[in-house]
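Visitor: Sequence:
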Amino acid sequence: MSAVFKREFRAYFTTPIGYIVLAAFYFFLGWYFSMLYSGGSPQIEMAVMAMSIVTIFILPILTMRMMSDDRRQKVDQVLITAPIKLTSIALGKFFAAFAVFAMGFIPTVIFEIIVASKISVNVLAYIYALFGMLLLGGALISIGMFISCLSESPVVSAILTLVVNILVLYMSNFASMVNISWISKIIEKAAFINATDNFGQSVLNISDIIYFLSIIAAFLFLSVRSLEKRRWS
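Take any residue in the sequence shown, note its place counting from 1, add 551, and you have its number in my numbering.
Hints in this document: simulated from the structure, not taken from any laboratory. One thing to keep in mind: the hints can contain errors.
[Claimed, not checked] Pair ranges (Cβ atoms, derived): (1) K780 / S589: 51 to 57 Å; (2) A562 / K736: 41 to 47 Å; (3) N745 / E779: 30 to 36 Å; (4) K736 / P567: 41 to 47 Å; (5) I710 / G591: 22 to 28 Å; (6) F682 / A741: 19 to 25 Å; (7) A562 / K636: 30 to 36 Å; (8) T638 / S753: 15 to 21 Å; (9) S553 / E779: 37 to 43 Å; (10) S753 / G591: 17 to 23 Å.
[To be verified] With a Cα cut of at most 20 Å, we get these calculated SDA-like pairs of lysine to any residue: (11) K669 / P593; (12) K557 / F646; (13) K636 / A768; (14) K736 / D759; (15) K669 / G590; (16) K636 / S553; (17) K780 / L764; (18) K636 / S777.
Where a beta carbon is used, it is the ideal one built from N, C-alpha and C, also for glycine.
Let's have the full structure, built from the sequences with the hints guiding it.
Guide: Structure (structure tokens):
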């Protein structure tokens, strides 16, 4: 897994993708922080949670080449027939993308230190918000990786991932369109934004953590099955 992780992580920075993703994260984080700071409400957790909107648009760029580019360049067969477990391939690619995503929140540590040097801060609120965003990012990355398994075109993968990201994050907005009450309730509760908002409100629910981890595990499993299907095809 470590060899795949190093290869994929390095690939993000031998192409513009890693720099584009980090530049976008740093720009919007700095913008949100400056608005909060100048407005007299320097709560870093608010800046962290505001990144959920940016995340759904940026992550498709990060995940679009995870699997589809290997297929497009016809090197996927070399990878999946190598003496390495398919689970290790999927995990290596997942953690490489997750590492780049997590790097996007490094400035928030500096922001928290700046604010803490001037006023008393609620560090736990910041940690909860950051933890929630990392779980959200992990779930969206796993979904994006699976979608990337289904297409040879990175552009198609990015577009499909963006559509799915919007749907899963804001499913609660579509719940009212369903006439069957119990289905409507399931859709509303399944929306990623609800679980993410709990972290932003300093509510640490084990059910929310399990929910995101289950999503990650499910789509990693589907990605492995997709690789396995191509290995034997």
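Visitor: Each hint: holds or not?
Guide: For each hint, the structure was consulted:
At about 53 Å, the beta-carbon gap between K780 and S589 stays in the expected band of 51 to 57 Å. A beta carbon spacing of about 42 Å between A562 and K736 agrees with the range 41 to 47 Å that was offered as a hint. The given range of 30 to 36 Å is respected by N745 and E779, whose C-beta atoms sit roughly 33 Å from each other. For K736 and P567, the hinted distance range of 41 to 47 Å is satisfied, since their beta carbons lie about 43 Å from each other.
The hinted range of 22 to 28 Å is not satisfied by I710 and G591, whose Cβ atoms lie roughly 40 Å apart. Hint check: F682 to A741, Cβ distance near 20 Å, so the stated range 19 to 25 Å holds. The hinted range of 30 to 36 Å is not satisfied by A562 and K636, whose Cβ atoms lie roughly 20 Å apart. Checked against the given bound of 15 to 21 Å, the beta carbons of T638 and S753, roughly 35 Å apart, lie outside it.
Between S553 and E779 the CB atoms are about 21 Å apart, so this pair departs from the stated range of 37 to 43 Å. About 20 Å separates the C-beta atoms of S753 and G591, a value consistent with the hinted range of 17 to 23 Å. Distance check on the hinted pair: K669 and P593 sit about 10 Å apart at the alpha-carbon level, within 20 Å; holds. In summary, the hint linking K557 to F646 is supported, as the alpha carbons are separated by about 10 Å, within the 20 Å threshold.
For the suggested pair K636 and A768, the alpha carbons sit about 16 Å apart, so the restraint of at most 20 Å is met. Between K736 and D759 the CA atoms are separated by roughly 16 Å; this keeps the pair inside 20 Å, and the hint holds. Between the alpha carbons of K669 and G590 the distance comes to roughly 15 Å, so the proposed pair stays at or under 20 Å and holds. As the CA atoms of K636 and S553 are separated by approximately 12 Å, the hinted pair is consistent with the 20 Å bound.
A C-alpha spacing of about 24 Å is found between K780 and L764, which places the hinted pair above 20 Å, so the restraint is violated. For the suggested pair K636 and S777, the alpha carbons sit about 13 Å apart, so the restraint of at most 20 Å is met.
The structure fails to meet hints 5, 7, 8, 9 and 17 from the earlier list, while all remaining hints are met.
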